[in-house]
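Respectively, the protein sequence lines represent chains A and B.
Residue 855, in our numbering, is where the first sequence stops; the numbers in between run on with no holes.
Residue 855, in our numbering, is where the second sequence stops; the numbers in between run on with no holes.
Taking lysine to aspartate or glutamate pairs in the DMTMM-like style, the calculated list, with each CA pair at most 25 Å apart, reads:
(1) Lys-826(A) to Asp-832(B)
(2) Lys-797(B) to Asp-832(A)
(3) Lys-826(B) to Asp-832(A)
(4) Lys-797(A) to Asp-832(B)
(5) Lys-797(A) to Glu-827(B)
The calculated label-pair distances, taken between Cβ atoms and stated as ranges, are:
(6) Asn-753(A) to Ala-823(B): 25 to 35 Å
(7) Arg-794(A) to Lys-826(B): 24 to 34 Å
(8) Ala-823(B) to Val-846(A): 33 to 43 Å
(9) Ala-835(A) to Ile-799(B): 18 to 28 Å
(10) Asp-789(A) to Lys-674(B): 42 to 52 Å
(11) Ala-775(B) to Glu-793(A): 55 to 65 Å
(12) Lys-777(B) to Ser-683(A): 42 to 52 Å
(13) Val-846(A) to Glu-827(B): 30 to 40 Å
(14) Gly-796(A) to Lys-674(B): 43 to 53 Å
(15) Asn-734(A) to Gly-685(B): 22 to 32 Å
(16) Glu-730(B) to Ala-775(A): 28 to 38 Å
Just so you know, the hints here were simulated from the structure itself, not pulled from any lab data.
C-beta: ideal position from N, C-alpha, C; glycine also.
There are 2 protein chains.
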Amino acid sequence: MKRVRLVFSGSGGQGVITAAIILAEAAVIIEGLNATQSQSYGAAARGGATRTDIIISEEEINFPGVTSPNILVCLTQEAYNQYAAVIRPGGLLLTDSRSVTTAKKTDAKHIGLPLYDTVMERIGKPIVYNITMLGALIGITDIVRPESVLAILKERIPPDFLAMNQRAFDLGLVLGAQYQCRL
Amino acid sequence: MKRVRLVFSGSGGQGVITAAIILAEAAVIIEGLNATQSQSYGAAARGGATRTDIIISEEEINFPGVTSPNILVCLTQEAYNQYAAVIRPGGLLLTDSRSVTTAKKTDAKHIGLPLYDTVMERIGKPIVYNITMLGALIGITDIVRPESVLAILKERIPPDFLAMNQRAFDLGLVLGAQYQCRL
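Model the full structure from these sequences, guided by the hints.
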């Protein structure tokens with residue numbers, strides 16, 4: 673892994689920014705990589721989709737924004753409609769199969785997973801949806817090790833909520849592991 | 673206000689990233705401005721100080737990182753030591769007077785406020801320290817209106833914690849208002 677550019681997108685309140693910060697921290701604090709994590713808000717953001725950019729790299733990163741991501745995660749149809757076009761050819765598109773219907777063909781590996789339905793069936797709390805999404809991504813790819821994310825969760829999540837977050841992460845890991853691929 | 677570049681710095685767990693996101697959202701969602709908010713993690717970040725960059729502008733923003741902030745907030749001595757040098761001449765330096773001793777003279781207006789002590793005396797919960805810091809900043813400057821931040825707090829903070837956050841914000845506003853200045 674030299675450099676991975678990711679965009680997480682969804683709607684406000686789904687926690688994509690938090691998931692991005694946790695991933696960046698896992699990469700930097702636990703794995704000793706470099707990372708940036710950013711949000712650009714503007715005319716586009718106001719209408720609808722929330723978007724957060726992450727870059728993870730073995731080398732120094734000069735520009736924190738992502739133009740063309742290797743990995744695009746879309747949790748809503750609106751986010752997909754808005755951002756599907758920017759994915760890098762040969763990249764990975766991860767969507768929630770409940771919310772997103774992929775219309776046009778993109779030159780990317782598409783994996784649709786029942787992230788939301790799984791969280792709601794197994795845990796019943798939409799608040800950890802973002803952590804299941806992150807688990808799925810780490811299950812599919814090898815950006816960082818699952819233990820690195822778990823170490824950050826342990827640091828950041830209040831004790832009362834930790835077990836639920838670990839469980840949400842594990843659910844995602846299991847869903848994603850079926851589609852494992854190296855970047 | 674054409675364009676304001678801010679850096680919030682402190683140690684991990686003080687919530688500077690959350691404060692930055694709340695400020696950016698207030699600017700964009702409530703006030704119709706443009707904003708970016710980013711973190712760069714790397715060799716520098718691992719040792720110690722957490723740093724988050726925000727740009728707020730009436731115009732579109734192309735690059736989310738901040739090289740030289742108009743406003744630098746330092747909640748720890750370590751953050752001050754690391755970042756004081758980058759402040760823009762004529763800018764504003766806001767520090768917590770309990771934690772930060774300003775050593776060298778910078779060409780900036782320096783305001784030291786007892787943010788932490790006030791939070792602990794009045795509320796007793798360090799978790800809202802970041803919100804008091806944000807309140808102080810909005811009290812001093814006119815980046816966004818206090819009501820815009822309160823509207824975002826109402827959206828983001830679970831009902832059980834909202835009153836405490838509003839109170840923390842008000843404490844900061846009152847502390848900051850003594851030093852009001854226009855940018």
